[in-house]
Every structure is written in structure tokens, then in C-alpha cells.
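Colleague: Sequence:
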Amino acid sequence: MNKLITALALALALSACASEPIDRKVGDPRQAAPGMELNWLVARMTDQLMERKSLSTLTEPIAVSSFVDLDTLQDTNWMGQQIEEGFIYELNRRGEVVVDFKMTGNIKVTPQGDFVMSRNYKDLSARLPISRILTGTFSRNKQGILVNARIIDLRTKMVETTAQSLIPQQYLSGASNSFGRASVNRGLLQRGSGTTPQGHLVNLTP
1 MNKLITALAL ALALSACASE PIDRKVGDPR QAAPGMELNW LVARMTDQLM ERKSLSTLTE
61 PIAVSSFVDL DTLQDTNWMG QQIEEGFIYE LNRRGEVVVD FKMTGNIKVT PQGDFVMSRN
121 YKDLSARLPI SRILTGTFSR NKQGILVNAR IIDLRTKMVE TTAQSLIPQQ YLSGASNSFG
181 RASVNRGLLQ RGSGTTPQGH LVNLTP
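In this text, residue positions in the sequence shown follow full-length UniProt numbering: the first is 1, and each later residue adds one.
Hints are supplied without guarantee of correctness; some may be wrong.
[Claimed, not checked] Under the rule of at most 20 Å between Cα atoms (straight-line distance), these lysine to any residue pairs were calculated in the SDA-like manner:
| # | residue 1 | residue 2 |
| --- | --- | --- |
| 1 | LYS53 | ARG94 |
| 2 | LYS102 | SER65 |
| 3 | LYS53 | ARG93 |
| 4 | LYS102 | ILE88 |
| 5 | LYS102 | SER66 |
| 6 | LYS122 | SER65 |
| 7 | LYS157 | ARG52 |
| 8 | LYS142 | ASP69 |
| 9 | LYS122 | ASN106 |
| 10 | LYS157 | THR59 |
| 11 | LYS53 | ASP153 |
| 12 | LYS102 | SER125 |
| 13 | LYS102 | ARG52 |
| 14 | LYS53 | TYR121 |
| 15 | LYS102 | LEU91 |
| 16 | LYS102 | ALA126 |
| 17 | LYS102 | GLN82 |
| 18 | LYS142 | GLN169 |
| 19 | LYS102 | TYR121 |
| 20 | LYS122 | VAL109 |
| 21 | LYS102 | GLU85 |
| 22 | LYS108 | ARG119 |
| 23 | LYS122 | LYS142 |
| 24 | LYS53 | VAL68 |
| 25 | LYS53 | SER165 |
| 26 | LYS157 | VAL98 |
| 27 | LYS142 | LEU70 |
| 28 | LYS102 | GLN143 |
| 29 | LYS102 | ASN92 |
| 30 | LYS157 | SER66 |
| 31 | LYS142 | ALA126 |
| 32 | LYS102 | LEU70 |
| 33 | LYS108 | ASN120 |
| 34 | LYS122 | PHE101 |
| 35 | LYS122 | SER66 |
| 36 | LYS53 | LEU91 |
| 37 | LYS102 | GLU84 |
| 38 | LYS102 | ASN120 |
| 39 | LYS142 | PRO111 |
Since the hints were made in silico from the structure, they are not lab data.
Using the sequences provided together with the hints, build the complete structure.
Modeller: Here's what the structure looks like:
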């Protein structure tokens, strides 16, 4: 009797595995909690970036920029900004020295709240010790949004490592912000002329 019960349990388990909609080896955003699918995909892209990561650059400061529309390279939206935030989180968890260049260095106290971040380059430090930048692009196709990411050495402009992922259309519909373009109105990281022991200095410009 016990053998029969064991055999039935094994058969049911095998049947469940066969009908499992998620390929655990490949991974699937359905593994994520509802509403966290984009973050899950960013985490998997970070895994790709780390596959070819050099240990020698682990302590070199890195910044993350908003991901931009491939057509213009000058437009972003809610998704490009959320991908940026997701990569800041994932890189920090993996031990990277992440520089958040949007920090003002001051606390702005107002009736609406207390703020330490800004997208106005005039509120930010003029120069920062940043050696590398994680940036990327997005473009639309019939299946969803194709995202390409890369880590670039700001001193040489050489690409260190890359990652790619598709954000399925169903995870974008119903978002509070549309896919439509929103002009980037903030400072851009540009290569500076000097270096310091803490990293390569870059200028924040309008």
C-alpha cells in the first residue's frame, strides 16, 4: 500500500513539473511578485553584466544614467528612469561602488517635503569622481521593448560588458505613464580632463 501511495505521489509530481509554465533554468518574469516584473528583468540583466565583469574594476566608482530612446538618444520616460533606479539597486547589492550624481549634498526643507535629490544640474556637484557609466537604450518591437545595457569606461570610452533583454508588452500596458517620449532636461555626464586616485573626474553639464 505504501509503495502504491509513493508511486502515485511521484507520478503527480512529475505531471506537475511537465505542466510548469516557468522554465526555471531559463527564468521567467512570472517568477517575480506582481508589479515587480521590470525589476526582475533588470536583475537578470545585471547577472549578464557580471558574467564578464573584471575584478580589477570592482572598486572603481560607477554611475547609472537613464536609459534612452534608441532613435534619438536624448529622450527617456518613466521606464528608462525606473530601469536606471533598478540598476543602482542591483549594482549596490553586488558590491559595486555606485555614485548617485543626483544627490545635492544638502537637505532642502519645504512645506511639500524634505528633498536631497534633484534633476537640475545647477543643484548638483560640478565634478564627480566617476570612472565608469552604466547606460543603455530601449526600442519597441511587436513583442515589447528591447533593452540594451552596457558598462563603459569613461576614460577610454571602451565597452566593458553588455546585457540585453526583452520587456514583454503585457508588463507595460496599464502603466501610469505612457511610453511616449519625455525630454531629458538634466545634466549629462561628459568626460573631464583630469583624474584622481578616487576615479575619473567627469563634468555635469546642461
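Colleague: Among the hints numbered above, which are violated by the structure, and what are their numbers in rising order?
Modeller: 13, 14, 23, 24, 28, 31, 32 and 39
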